[in-house]
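K.L.:
Sequence:
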Amino acid sequence: MFEISTQFPDPEVENDDRPPRRLDGVQAVLAAGDYLTRINKPVPFARGYLTQLQALSQCPQPNPAFAAAKAGASWIINAATGQYRDVVGRPMARAVDAQTNAQLEKTLQSKHSQCNANRYIGYLGRADSTALLVYFKADQPLSAATQNLFRLLTMQAAIAYENVHLHQEIIDTQKEVMTTLGQVMASRSQETGNHVRRVAEFSFLLARKAGLSKAEAELLRLAAPMHDVGKVGVPDAILAKADLLTREEFETIRHHTTAGYEIFKNSRHEILAAAEIVARQHHERWDGEGYPRGLKGRDIHIFGRIVAMADVFDALVHYRIYKKAWLPEQVIAYFRSQRGRQFDPELVDIFLCHSDTFFAISRKLPDC
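In this note's numbering, the protein residues as written are 10 to 377.
Worth flagging that the hints you see were computed from the coordinates, not collected in a lab. Heads up, some of the hints might be wrong.
[As the list claims (entries may be wrong)] Below 30 Å or equal to it, Euclidean Cα-Cα: the simulated DSS-like pairs (lysine-lysine) are:
1) Lys-120 with Lys-79
2) Lys-79 with Lys-146
3) Lys-79 with Lys-223
4) Lys-250 with Lys-50
5) Lys-305 with Lys-332
6) Lys-332 with Lys-250
[As the list claims (entries may be wrong)] What follows is a list of derived Cβ distance ranges for each label pair:
7) Ala-334 with Leu-361: 13 to 21 Å
8) Arg-263 with Arg-372: 51 to 59 Å
9) Tyr-331 with Ala-82: 45 to 53 Å
10) Leu-175 with Ala-111: 28 to 36 Å
11) Leu-361 with Asp-106: 51 to 59 Å
12) Arg-135 with Ala-251: 53 to 61 Å
13) Arg-277 with Lys-115: 41 to 49 Å
14) Asp-95 with Lys-50: 19 to 27 Å
15) Glu-355 with Lys-120: 21 to 29 Å
16) Gln-123 with Arg-307: 54 to 62 Å
17) Ala-154 with His-278: 36 to 44 Å
18) Ala-102 with Leu-336: 45 to 53 Å
Being a predicted model, the structure only gives us computed values, none of them experimental. Even for Gly, the Cβ is constructed at its ideal location relative to N, Cα and C.
Use the sequences and the hints to build the structure in full.
P.N.:
So this is what it looks like as structure tokens:
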């Protein structure tokens with residue numbers, strides 16, 4: 010059995026220069042299949058699949074290749090190598106020549122992978138709406154052995170790609186449920202559904218500006234709408250009260266942080282685990298004077314520190330049953346006064362540097 014160089018790059022990075030591993034053909038396919046099963050996002054998966062085809066082909070230079078997924082009525086290229094690198098994001102029909110388009114169309118009609126001399130077209134999936142179409146052109150005719158390895162890899166990759174879509178469906182469902190539940194909680198507090206959307210967007214922006222990765226920031230954006238989920242146990246009469254709360258009523262309100270934690274504490278799902286942090290910690294203060302546990306400084310999770318600011322910012326900028334909307338200069342002055350007291354001083358500095366963007370988001374998602 011001949012040897013093949015194959016590599017396992019970071020699927021989030023387009024160019025990974027780590028040296029390839031030397032494996033025989035079948036070992037390479039099995040290892041590549043195992044690698045692809047660990048990727049749970051469509052675009053990194055497509056990029057990783059192209060990398061493995063390149064390795065199996067044994068071609069020293071990046072070959073013209075691309076992967077495309079259905080978006081509406083078009084197939085959009087979401088990963089590419091060689092001459093197609095500059096067409097990522099474009100419709101496939103306008104990015105390739107007529108002859109290639111004709112070959113691709115045959116594959117789409119049959120929904121079966123095909124190999125023709127030095128071209129391989131792979132179809133991963135059962136329906137176009139969740140399929141991945143892959144085109145690979147070698148600089149010389151593909152041997153029978155290589156064609157078989159391509160087919161074997163595609164069989165494994167097809168199963169892995171289905172799991173990618175199942176994972177994404179779970180994420181989308183969790184996102185919809187959490188946003189809807191957050192809107193229900195907001196409406197009980199006489200707030201609009203856009204309150205939770207704004208808090209989610211403020212949190213994402215602040216997280217990115219604070220240096221969190223895009224994946225971490227996106228996770229926080231999904232979890233942020235759950236910050237007040239514990240209010241499900243607070244009586245409407247207290248939530249809708251325009252006058253000052255009594256001490257007993259305020260204690261009831263304070264309990265929503267612990268109640269939110271109790272809802273999510275046993276979940277093993279990443280989003281719900283993040284929601285547990287947000288629900289429990291968004292009323293903690295940098296100076297340790299917050300609740301429910303009186304955490305101080307960096308003992309408060311970064312998610313809790315960020316949502317604390319996002320929630321207060323939205324409450325100040327918009328009308329509430331107990332207050333009028335504040336003017337921008339009043340909001341800025343408040344955050345300056347609470348730097349190192351209520352809020353993380355570094356996060357306040359970031360907010361002050363980008364306050365125009367936060368106010369723009371607020372205007373983009375107004376109360377209805």
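K.L.:
With reference to the structure, classify each hint as holding or not holding.
P.N.:
Structure-based check of all given hints:
1. Lys-120 with Lys-79: Within the cut-off at roughly 14 Å; holds.
2. Lys-79 with Lys-146: Holds, because 21 Å separates the two Cα atoms, which is no more than 30 Å.
3. Lys-79 with Lys-223: holds (24 Å)
4. Lys-250 with Lys-50: violated (45 Å)
5. Lys-305 with Lys-332: Measuring from Cα to Cα gives roughly 28 Å; hence the hint holds.
6. Lys-332 with Lys-250: holds (11 Å)
7. Ala-334 with Leu-361: 13 to 21 Å: Holds - the Cβ-Cβ distance for Ala-334 and Leu-361, about 20 Å, lies within 13 to 21 Å.
8. Arg-263 with Arg-372: 51 to 59 Å: At roughly 32 Å between Cβ atoms, Arg-372 and Arg-263 fall outside 51 to 59 Å, so the hint is violated.
9. Tyr-331 with Ala-82: 45 to 53 Å: Check passed, 49 Å falls within 45 to 53 Å.
10. Leu-175 with Ala-111: 28 to 36 Å: holds (33 Å)
11. Leu-361 with Asp-106: 51 to 59 Å: Holds - the Cβ-Cβ distance for Leu-361 and Asp-106, about 53 Å, lies within 51 to 59 Å.
12. Arg-135 with Ala-251: 53 to 61 Å: holds (56 Å)
13. Arg-277 with Lys-115: 41 to 49 Å: Since Arg-277 and Lys-115 have Cβ atoms about 44 Å apart, the given range 41 to 49 Å holds.
14. Asp-95 with Lys-50: 19 to 27 Å: Given a distance of about 22 Å, which is inside 19 to 27 Å, the answer is holds.
15. Glu-355 with Lys-120: 21 to 29 Å: violated (53 Å)
16. Gln-123 with Arg-307: 54 to 62 Å: holds (57 Å)
17. Ala-154 with His-278: 36 to 44 Å: Holds, at about 43 Å.
18. Ala-102 with Leu-336: 45 to 53 Å: Holds, at about 52 Å.
This entry does not satisfy hints 4, 8 and 15, going by the numbered hints stated previously.
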